[in-house]
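Those protein sequences? They're chains G and H, same order as listed. Here the first sequence is numbered in my numbering, starting from 1 and rising by one per residue. Here the second sequence is numbered in my numbering, starting from 1 and rising by one per residue.
By construction, these hints were calculated from the structure, which means they are not laboratory data. Keep in mind it's a predicted model, so treat the numbers as computed, not measured. Note that beta-carbon positions come from the ideal geometry of N, C-alpha and C, so glycine has one too. Please note that a few of the clues may not be correct.
[Said to hold, decoys possible] Simulated restraints, written as ranges between beta carbons of each label pair:
1) D83(G) x G117(H): 32 to 42 Å
2) A41(H) x Y25(G): 27 to 37 Å
3) S15(H) x P92(G): 58 to 68 Å
4) L39(H) x P92(G): 44 to 54 Å
5) S160(G) x D9(H): 48 to 58 Å
6) P205(H) x D190(G): 51 to 61 Å
7) F121(H) x E178(G): 39 to 49 Å
8) S289(H) x A143(G): 47 to 57 Å
9) R153(G) x G29(H): 41 to 51 Å
10) S160(G) x Q171(H): 47 to 57 Å
[Claimed, not checked] Distance condition first, Cα-Cα at most 30 Å in a straight line; then the derived BS3-like pairs of lysine-lysine:
11) K104(G) x K191(H)
12) K253(G) x K205(G)
13) K110(G) x K191(H)
[Unchecked claim] Listed next, the stretches of chain G that the computed footprint assigns to chain H, with coverage defined by at least 3 CB atoms under 8 Å from CB atoms of chain H:
14) 100-109
15) 113-123
16) 169-180
17) 194-208
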Amino acid sequence: MTHVETFSEVLAPVVFDLSSLEVFYGSFRAVRDVTLQIRAHEITAFIGPSGCGKTTVLRCLNRMNDLIAGARVGGRVTYHGVDLYGTQVSAPEVRRRIGMVFQKPNPFPKSIYDNIAFGPRINGIRDRVKLDEIVEKSLRAAALWDEVKDRLRSSALGMSGGQQQRLCIARTIAIEPEVVLMDEPCSALDPIASARIEELMRELKNRYTIVIVTHNMQQAARVSDRTAFFTAELDSQSDQRTGVLVETGTTAKLFSNPREERTENYITGRFG
Amino acid sequence: MIGTVTATDLRPRRSWRRVKSSIMTCLMGAALVAIVIPLAAVLWALFDKGAGVAFRSFPDFFTAEIPVVSRRAGPGMGPAIVGTLLVTTGAALLAVPLGILGAVYLHEYGRGSRFAGLVRFMAMVMTGVPSIVMGLFVYVIWTMRFGYSAFGGSLGLACLMLPIVIGSTEQMLRLVPNPLREASYALGASKARTILTIVLPAASPGIVSGCLLAIARAAGETAPLLFTVGAASAYNPHLFEEANTALSAQIFGNATASFVAAQDRAWGAALTLVMLTFVATLAARLLFSRKRSA
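Go ahead and model the full structure; you've got the sequences and the hints to work with.
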C-alpha cells in the first residue's frame with residue numbers, strides 16, 4: 001500500500017494530505033473538517049482570526065500536539081502517503097523530518113554553535129569537522145553567518161530577537177528536514193527583521209516545503225503560493241467555538257477572487 | 001514681556017500614595033534589620049566564645065583527637081570534622097541523585113498521574129517528620145543490626161534531605177520554560193534526551209542551590225546522629241565500620257556537660273561547623289559557576 005502511494009507522489013507532489021481532520025483538547029473540539037493538501041516546494045499559508053485552529057492544525061503536521069495532555073486527533077493526516085498517526089510511526093522520527101519554528105524565538109541557553117549542533121548531535125554526528133561544516137552551512141542558509149561567525153561560542157541569549165529567530169530557523173534546517181513548519185515566526189519581530197525572515201523563506205522554498213501560520217495577511221500575500229483560510233464557528237449545541245477551514249486556493253486567487261463571502265470579508269478587513 | 005506662561009510644575013505631589021510608599025520602605029528596612037540582628041548576634045557569639053578555643057595553638061583544635069575525659073581542658077575536634085565530612089558526604093551521595101531522579105519523575109513523567117500525586121504527598125509528609133524520629137527509624141532498621149557507623153548517620157540525614165532535594169528540584173524544573181522542551185522535541189529529540197541535555201542543564205543552577213541548602217542543613221543536624229553514629233573520640237575514616245562522631249553530636253555532648261572545658265570545646269566545635277559549612281558551600285558554588293561558564 002505504502003509504495004503505491006509513494007508512486008503516486010511522483011505524479012502529484014503532495015506532501016501532506018489532510019482529510020476530515022479534527023482535534024480535541026479533552027472534550028473541547030478545537031477544529032473540525034479540515035481537508036486540504038500541502039504540496040512540495042511551495043509555501044502554504046494558514047490565515048484566519050485568533051482561535052480558528054490554524055496553529056492546532058499546524059501542530060498536527062509534526063505531532064507536536066502529542067505533547068499536550070488530553071489532545072486527540074481524528075480524521076487522517078498522511079505524509080507522503082504514510083498515516084502520521086499510524087501505530088508504527090515514531091513521533092521523534094516524524095519531527096526529525098518535519099521541523100518547526102515557533103512564534104517566540106526559543107534558543108537553548110547554550111552557545112550559538114551548540115544550538116545549531118544540537119539536532120545533528122541527536123542524530124549521532126560527533127565528528128568536529130562535520131559539525132563545524134553543518135553549523136556554517138545552516139547559519140549561512142539562515143543569513144546569519146556573517147553576523148555571528150566571530151562569536152559562535154557566545155550565548156545565543158545575547159542575540160537580538162530577529163537574530164534569535166533566524167538562529168531557530170538555522171537550528172531547524174541543520175537537521176535537513178523535508179518540511180519546515182512556521183508558527184507565526186515574525187509576530188515577535190519588528191518589520192525589518194520580519195522582512196529578512198520573509199526573504200529567507202523565499203530562498204528556503206527551493207529546498208524545503210514550508211507551511212506558515214500568520215496573522216499578517218500582507219505577509220501571507222507576499223510570501224505564500226497557496227493559502228488556507230480558517231475561521232471559528234459557534235457550535236449551537238455545545239456553545240463552543242470550533243475552528244473550520246473555509247477555503248483553500250492559490251494565494252493569487254484567494255486574495256483577488258475568493259469563493260466564499262467570509263473569506264472576502266476577512267481579507268478586506270471587515271472582520272477578524 | 002511674553003505674558004501668560006503657566007509654570008509647568010513637575011515636582012511630585014504630596015499625596016497619600018507617597019506617604020504609604022515611605023512607610024512601606026521604612027517597614028522593609030526594619031524587617032531587614034530584624035533579620036540581620038539575630039544572624040549577626042549568632043556569629044558574634046560564636047566568634048567571641050569559640051575563636052579563642054578553636055585558634056589557640058593553631059591548628060591543634062582541628063587536628064587533635066577528642067579528649068576521652070571530657071573534664072580535661074584542651075583540643076581538639078579532628079575526628080569530629082572527619083566524621084561530619086564522612087556522614088554528610090554519604091548522605092549527599094544517597095539523597096541527591098535519588099532526589100533529583102524523583103523530581104524528574106514527578107515533573108516530567110508523572111505529571112497529573114495519581115501515583116505522582118501520592119509520591120509528592122509522601123515527600124511532603126516526610127518533610128514534617130521530626131529528625132529524631134528519623135534517627136530512631138534508622139536505629140531500628142540499621143543500627144540494631146549492623147552497629148554504630150558513620151553510614152547509619154548518613155542514612156538518617158539522607159531521609160531528612162530527600163524531601164528537600166525533591167521539592168526544590170521539582171520547583172526548578174517547573175521554572176524551565178516549556179518552549180525550550182518544545183524546541184528540543186521539534187528537532188526530533190526523545191524525552192530522555194530532552195531532559196538530560198536541555199531541561200536539567202537549564203535548571204542546574206537552581207538544583208545546585210537547593211542541594212547545597214539541603215546538605216548544609218543536614219550537616220548541622222544532631223538528632224539523627226545520636227543513636228546511629230555513636231561517640232568515638234579517635235579518628236575513624238571508615239564509612240561503614242565502627243562508631244564515629246560528628247561536630248553536631250560533639251556540640252550537643254559537650255554543651256550539655258557540666259565542665260567548663262567541655263563547654264569551651266562545644267563553642268569551638270560550633271564555630272568549626274559554621275566555618276566548614278560556609279567554606280564547603282562557597283567552594284561548591286565557585287566550582288559550579290566556573291564549570292558552567294567554561
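Now the hints, each set against the structure:
At roughly 35 Å, the beta carbons of D83(G) and G117(H) sit within the given window of 32 to 42 Å. A41(H) and Y25(G) have their C-beta atoms about 57 Å apart, which leaves the hinted 27 to 37 Å range violated. With their beta carbons about 59 Å apart, S15(H) and P92(G) fall inside the hinted range of 58 to 68 Å. Checked against the given bound of 44 to 54 Å, the beta carbons of L39(H) and P92(G), roughly 51 Å apart, stay inside it.
For S160(G) and D9(H), the hinted distance range of 48 to 58 Å is not satisfied, since their beta carbons lie about 40 Å from each other. Judged by the Cβ atoms, the range 51 to 61 Å given for P205(H) and D190(G) is violated: they are separated by roughly 32 Å. A hinted range of 39 to 49 Å holds for the C-beta pair F121(H) and E178(G), which are about 47 Å apart. Separated by about 35 Å at the C-beta atoms, S289(H) and A143(G) break the suggested range of 47 to 57 Å.
As the Cβ distance of R153(G) to G29(H) is approximately 44 Å, the hint placing it in 41 to 51 Å holds. One distance hint, 47 to 57 Å for the beta-carbon pair S160(G) and Q171(H), is violated here, with the actual separation near 31 Å. Under the criterion of a C-alpha separation no larger than 30 Å, the hint pairing K104(G) with K191(H) is consistent with the structure, at around 22 Å. Note on K253(G) and K205(G): the hinted pairing holds, with a Cα-Cα distance of about 20 Å set against a maximum of 30 Å.
Only pairs whose Cα atoms come within 30 Å are accepted, and K110(G) paired with K191(H) is accepted, the gap being roughly 19 Å. Interface restraint, the segment 100-109 of chain G with chain H: holds (7 residues with C-beta to C-beta distance below 8 Å; minimum three). Coverage of a stretch by a chain is defined here by at least three residues with a beta carbon nearer than 8 Å to that chain's beta carbons; for the segment 113-123 of chain G and chain H the count is 4, and the condition holds. With 3 residues carrying a beta carbon less than 8 Å from a beta carbon of chain H, the segment 169-180 of chain G meets the three-residue requirement, and the given coverage holds.
Judged by the Cβ-Cβ criterion of 8 Å, the segment 194-208 of chain G is not covered by chain H as claimed, because only 0 of its residues qualify and three are needed.
Hints 2, 5, 6, 8, 10 and 17 from the earlier list are contradicted by this structure; the remaining hints agree with it.
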